[in-house]
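Take these sequences, add in the hints, and give me the full structure.
There are 2 protein chains.
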Amino acid sequence: MNTPLILDGKTLAANIEKDLKVRVQRIKDITNETPVLATIIVGNDPASVTYVKMKGNACTRVGMKSLKIEMPEETSTEELIEKIRELNRDKNVHGILLQHPVPGHIDEMACFNEIDLLKDVDGVNTNTFGRMTMQLDSFKCATPYSIMTILKHYNIQIEGKDVVVIGRSPILGKPVAMMLLNENATVTICHSKTKDLEDIVKRADIVVAAVGKPKFVKAEWIKEGCVLVDAGYNQGNVGDIDLENAIEKCSAYTPVPGGVGPMTINCLISQTVESAERKLGLI
Amino acid sequence: MNTPLILDGKTLAANIEKDLKVRVQRIKDITNETPVLATIIVGNDPASVTYVKMKGNACTRVGMKSLKIEMPEETSTEELIEKIRELNRDKNVHGILLQHPVPGHIDEMACFNEIDLLKDVDGVNTNTFGRMTMQLDSFKCATPYSIMTILKHYNIQIEGKDVVVIGRSPILGKPVAMMLLNENATVTICHSKTKDLEDIVKRADIVVAAVGKPKFVKAEWIKEGCVLVDAGYNQGNVGDIDLENAIEKCSAYTPVPGGVGPMTINCLISQTVESAERKLGLI
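Protein chains in written order, with the numbering used here: chain E, 20 to 302; chain H, 20 to 302.
To be clear, the hints were calculated from the coordinates, so they are not data collected in a lab.
Among these hints, one or two may not hold up.
For identical chains, the list gives no copy identity; a pair is met inside one copy or between any two copies.
Under the rule of at most 25 Å between Cα atoms (straight-line distance), these lysine-lysine pairs were calculated in the BS3-like manner [stated by the list, open to error]:
#: 1; residue 1: 212; residue 2: 242
#: 2; residue 1: 171; residue 2: 214
#: 3; residue 1: 212; residue 2: 171
#: 4; residue 1: 87; residue 2: 298
#: 5; residue 1: 37; residue 2: 87
#: 6; residue 1: 221; residue 2: 242
#: 7; residue 1: 268; residue 2: 214
#: 8; residue 1: 234; residue 2: 40
Please read all numbers here as calculations on a predicted model, not as lab measurements.
Structural data, given as structure tokens:
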């Protein structure tokens, strides 16, 4: 019987946290400063509230501070931009997270693009994306970065592999496709207008599912020995892949929960620590 | 016998030029100003000299001015950046073209990234790429934009098609892949580390070759009815596709020369006119 490798993001994140804790302590010892992640939440979408709380908790665990900014549902784009500019100027803030999604009347991308590149630790500014794609110095979009960190940690070969990314969102499908391309994968990007998705997935050595639809990717579509990366997290604790049935065919998979999710928060925290180290001249 | 559609970029460019001429005249009539494209060439690579001359001639044909800046081979990154900043500040300059490639000791990408987004009419700044990818208002990288303009003009269906892009350069492969994705193609990006390139190309409805190697894509790889876009231009007037032998299998193709090349210059000029119109409040 096939026993696939579990790409355990939770344990990996916990291990990386130990190192981050040491780095944060070093920052404090040398500079007397504490790295700060500013988290902005607009409105009170329950899932977003939970995510922001989890991110705040992660800050606490590594010895960082989080500066929680809660803005009302009716906040305008201009007001949100003003807040971001204030945080850009704030010398005590090393990273800025604007929790996605913001209410529909706000121009989210315009707000993302106001975040100073040096504080864009969630990697959402279009220029952060552009610089990453062109392999210049930049932070990286957190969820795609989480996926890449997991694949590398578990020694999943990427170079020369046929990778199929399902989904093309600005903060997941598009950036992860570019990251995989930069690691020398042959990348196919699929989406709602793709024809014969099943046939395309059947050829993949690695599948990255980022659709946001529960069990959208069927077990029958999976090639024997494929690596499954499930970036989805839907109601009922299920991902975008029918993992339950696909497990016996794959060679490795990210569980849901406990795969991509925990490492995403870890990447956010890790980039905030890096931002602080850079600002304080420690790297 | 199969008679494929010739995706004639030369005639298309000539037709669009007529319209550009009218727009330039309108700018002059209303504002008394003339759109100006600043062209920077560093060193004297013969091909680059020719390209810059062709771009200058295109400016003249539509009634625009070009401001030719020639810098010596030994120019440093800092000196080039200083020149770009000067042009960014110059109110009479509406577009800036830094002819690619610059001498090897110069950090080309750093220079591209100094170009003001509002004057980046060649579309080479990483944030221009990022904004284009995320479908925000932006100029577009000239060669990929040329390809898209040709495909749209000749009513080549893109949505739902399997498109294979061969090449992943910052100013060709990567941006054209994102543009095709935004037009709802299913895009596969191939490169030097791709395995079984032949098999991948054989499945393509549209092939975009941007490798820079003469006749790299073989006729045997082409699916019957495929659309061939050849962005290559190699010594001996040949592209990256063995067009001579592939013509009988394809349904449409961009000739070399006379395909993507002339439209690329046209896109540069067109975006400079647009920049002037915007700056002068005419659009």
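Regarding residue 212 and residue 171, is the shortest C-alpha distance of 25 Å or less found within a copy, between copies, in both, or in neither?
Only across copies: residue 212 and residue 171 sit 18 Å apart there, 31 Å inside one copy, limit 25 Å.
Problem set entry | Same-copy or cross-copy closeness of residue 268 to residue 214 [CA-CA at most 25 Å] | both (24 Å within a copy, 23 Å between copies)
Given a CA cutoff of 25 Å, do residue 171 and residue 214 count as a within-copy pair, a between-copy pair, both, or neither?
Between copies only: 20 Å across chains, 31 Å inside a chain, cut-off 25 Å.
Original post:
Between the shortest in-copy and the shortest cross-copy C-alpha distance, which are at most 25 Å for residue 234 and residue 40: within, between, both, or neither?
Top reply: Cα proximity of residue 234 and residue 40: none, with 36 Å in one copy and 55 Å across.
Is the C-alpha distance from residue 37 to residue 87 at most 25 Å within one copy, between copies, in both cases, or in neither?
-> Answer is within; shortest intra-copy Cα gap is 24 Å, inter-copy 57 Å.
Pop the pair residue 221 and residue 242 into one bin, within, between, both or neither, using alpha-carbon distances up to 25 Å.
both (5 Å within a copy, 20 Å between copies)
What label fits residue 212 with residue 242 when the C-alpha limit is 25 Å: within, between, both, or neither? both (22 Å within a copy, 21 Å between copies)
Practice task
Can you give me the call for residue 87 and residue 298, within, between, both or neither, at a CA distance of at most 25 Å?
Solution key: Close inside one copy (21 Å), not across copies (40 Å); limit 25 Å.
Hint 8 alone, counting from the list given before, is not met by this structure.
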